[in-house]
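Put chain B on the given structure of chain P with help from the hints.
2 protein chains.
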Amino acid sequence: MKLMLIKILPLFLGGFLFAQTKADSLQFKRISDEMLVNGTAYENLRTLTKNIGHRLSGSEAYEKSTDWAVQKLKEAGADKVWKEEVMVPVWERGKQSLHIKTQNGKWKPLRMLSLGNSEGTKGKDVEAEIIFVKNKTEFNQLSESQVKGKIIFFNYAFDQRFIVTGQAYGDAGMYRRSAASWAGKKGAKAVIIRSLSSAFDDVPHTGAMRYDKDDTTKIPAVAIGPKSADELEKTLKTQKVFAKLNSNCTMKGEKLSHSVIGEITGNKDQSVIVVGGHLDSWDVGEGAHDDGAGIVQSIEILRTFKKLGIKNNHTIRVVCFANEENGVRGGNKYAENIQKNNEKHIFAIESDGGGFTPRGIALVMSPEKRKEVQSWRNLFLPYGIHNFEFQYAGADIEPMEKLGIPLAELVPDSQRYFDIHHTEEDTFEKVNRRELLLGAVAMGQLIYMVDKSW
Amino acid sequence: MKLMLIKILPLFLGGFLFAQTKADSLQFKRISDEMLVNGTAYENLRTLTKNIGHRLSGSEAYEKSTDWAVQKLKEAGADKVWKEEVMVPVWERGKQSLHIKTQNGKWKPLRMLSLGNSEGTKGKDVEAEIIFVKNKTEFNQLSESQVKGKIIFFNYAFDQRFIVTGQAYGDAGMYRRSAASWAGKKGAKAVIIRSLSSAFDDVPHTGAMRYDKDDTTKIPAVAIGPKSADELEKTLKTQKVFAKLNSNCTMKGEKLSHSVIGEITGNKDQSVIVVGGHLDSWDVGEGAHDDGAGIVQSIEILRTFKKLGIKNNHTIRVVCFANEENGVRGGNKYAENIQKNNEKHIFAIESDGGGFTPRGIALVMSPEKRKEVQSWRNLFLPYGIHNFEFQYAGADIEPMEKLGIPLAELVPDSQRYFDIHHTEEDTFEKVNRRELLLGAVAMGQLIYMVDKSW
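Protein sequence lines, in the order shown, are assigned to chains P and B. According to UniProt numbering, the first sequence is numbered sequentially starting from 1. According to UniProt numbering, the second sequence is numbered sequentially starting from 1.
With the rest of the complex left out, here is chain P (with noise of 0.2 Å):
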């Protein structure tokens, strides 16, 4: 008798786990059927990029989007939509231009972008001589005498060698963000660095910086393209160049604005599975993979979930963060008020890395949280979705991490994003309709196993 017990446990429990597996698998197919063929987030994405286009933080264009997202959020079907209060840093561009030149030849000008949240010359032209560094540790040799006065032009490429490209763009990372307050704690008069670009094209990308707390010079940064680099950096090695910098940007203080939310409400309970991404974009281009494709992707798993009729357990909220590229306020104000309003959050994701087709998820979570969701792996296979081992999360819900929330990101293939990250490349003429989908199919996927199991 416990012989014959203990060989139709397993089977029993073996037929649970198979038809249990079975109908999460026809549940994985119901939610892409539905979004790759009756999906809306290709045309939404149209409608932001064409409609309203780029819409940095602080920018009237924004505001016009807020109300987009509100519109598109009650489209799905979302059962409560409204905006959440932030302030954000108004930080402005204006008129930009950089001329260079050898000592008898005429000034040219470059192709190139003000970093964000950059100083500027306040309309003046800043003339000084070039001076050429490969990376950091040959800028610090360099003694106050040689940097004072002078414009320091940082040329370090993004190495190719890395597979995925965020790894290079971590790596070159620090050369955007600091290279200003280096220089200009050492006298120089402006920075020029090389576009954190994957490409080999002339285009330059914008992006934050920060000046250091104790840098009170705040001296004017700027971006070339890739090829300007190589040629600067080829002309300089033979003779002295000359540049040329004028430029209106500057930050303007803080403003109110919004985040947007919607969500569906849970049907066991009010907590809550936060997926989003940010709604500003840097204001070249058209924010369209960065990060117009998150935002359309969060919109579209709620629209599926009630089209689906799918019974969400608990409350699944679309977030449309404000104020991602030059300040994370929008993330940092919502893990401020989730906590003041003791709002239980059991999961949050992000997608902001493009809406190229999606290849894994990464997981910042608990080692068992982490092991379970890594046991579904099987069912997200027929969709491409392979590597669960990256940890890292979206800028925007990492605030959460510190209140405990197991948090996720899309991690979607990395190889075209950073030619036209922060551009003008960066255009709903880019985006594929059915990469982008796949990618709110396995963020809706996932949300659907979480939802049933936590």
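Honestly, the hints are just simulated from the structure, not real lab data. Don't take each hint at face value.
Since copy identity is lost for identical chains, a pair holds within one copy or between any two.
What the hints assert, rightly or not - Keeping only pairs whose Cα atoms sit at most 27 Å apart, straight-line, the calculated DSS-like set for lysine-lysine is:
# : residue 1 : residue 2
1 : K430      : K50
2 : K268      : K237
3 : K234      : K340
4 : K430      : K227
5 : K122      : K106
6 : K134      : K29
7 : K227      : K307
Chain B only, in chain P's frame:
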């Protein structure tokens, strides 16, 4: 003593395997670094697509491309380069136009492409009423009298629910291939098919059709874009629509042409490993993804083995096959010749799925060999190559299957391919440098493993 031996052996073997894996992993990285940093595949693709452009076999452009391939193989360091003779069909598109009108309406042009290998109207207007069917089942229900003298419009759409788009392509493929003979045999004047496209635009896709052996009618077959197809179906639901087709396309016999072959000689023996793609393309666009990508990736592998001084045991041979698109004559001839010359081949791999980020390797080989390749999976994972489950090989190397040669095909991400496949949009601009090179990396790494193991 026995116990000790048993314990030591696995330890020793484990250490050996670990050292071996480490050496392989270092070689994988050398191949990857060399290609991503110094790779010439992208610039080679630029000259192939921009200086020569599309190159249907039998055309002058195709012959130019064979000279280009000879030169590029020499530049890459091939020990030996030659052209292999092959007779190819000569199909010419000529002029083509399709107009439609409702009963009392005016003629309106539709964007269209004659299907490859199709006969035309010999330059005369062929007018008839359009009869719409959704699929083959609906067509089979039509009587001869309902089809006779009409132009049949098959509007079978790409099934968006497939995750791997090649499966949707396979599902819809028979309409392009066979609809003309189905309809011709029932007395139709021509067929219009909806393009095999994953996009929702209005771009027509060409591609090979064929007439059944018992089809003496050989009626013209043309493709229209998805948008036109949807609009036409909509109109046909409420009123009669007439079409006027005029086209000159026709098959003009055969012609002597060439595949192009280059190799680096084996250091241990002369048995051959083939890596290739097809040099011909359809006569629209630039044949960039299909299959310029496969050609330049294959040449890249030869260049990299030579540059890194990898001592290949076996001969590594790049084959740029002629006439894949409308005859597969190059592939058939190659298999015929190696059999005739009794040339031992141990492996062949093709890239003909576009120059997109690689995700896996499809395998056609014995279960034992298959398992062996799959046992190398961990070496490939850092490069994003995770899927070794598919069982298919490129059309050009398929004829080698009956010779018992293990075959493989690169599996790139499939989401964007069928938006542009066989269209004017298959241009260099649609190819990303890193994605293209990563395909070469994966194939180069696999060839390294096969070369040392088989």
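Evaluation of the provided hints:
Taking the shortest Cα distances, K430 and K50 sit within 27 Å of each other both inside one copy (13 Å) and across copies (22 Å). Proximity of K268 and K237 under a CA criterion of 27 Å is satisfied in neither setting, with 68 Å inside one chain copy and 47 Å between copies. In this assembly of identical chains, the alpha carbons of K234 and K340 never lie at most 27 Å apart, being 56 Å within a copy and 55 Å across copies at closest. Within a single copy, K430 and K227 get their C-alpha atoms as close as 21 Å, and across copies as close as 20 Å, so both meet the 27 Å cut-off.
In this homomeric assembly, K122 and K106 come within 27 Å of each other (Cα to Cα) only inside a single copy, at 24 Å, whereas the closest approach across copies is 62 Å. Proximity of K134 and K29 under a CA criterion of 27 Å is satisfied inter-copy only: 25 Å between copies versus 51 Å inside one chain copy. In this assembly of identical chains, K227 and K307 lie within 27 Å of each other by CA distance solely across copies; the values are 26 Å between and 49 Å within a copy.
Of the numbered hints given earlier, the model fails hints 2 and 3; all others are met.
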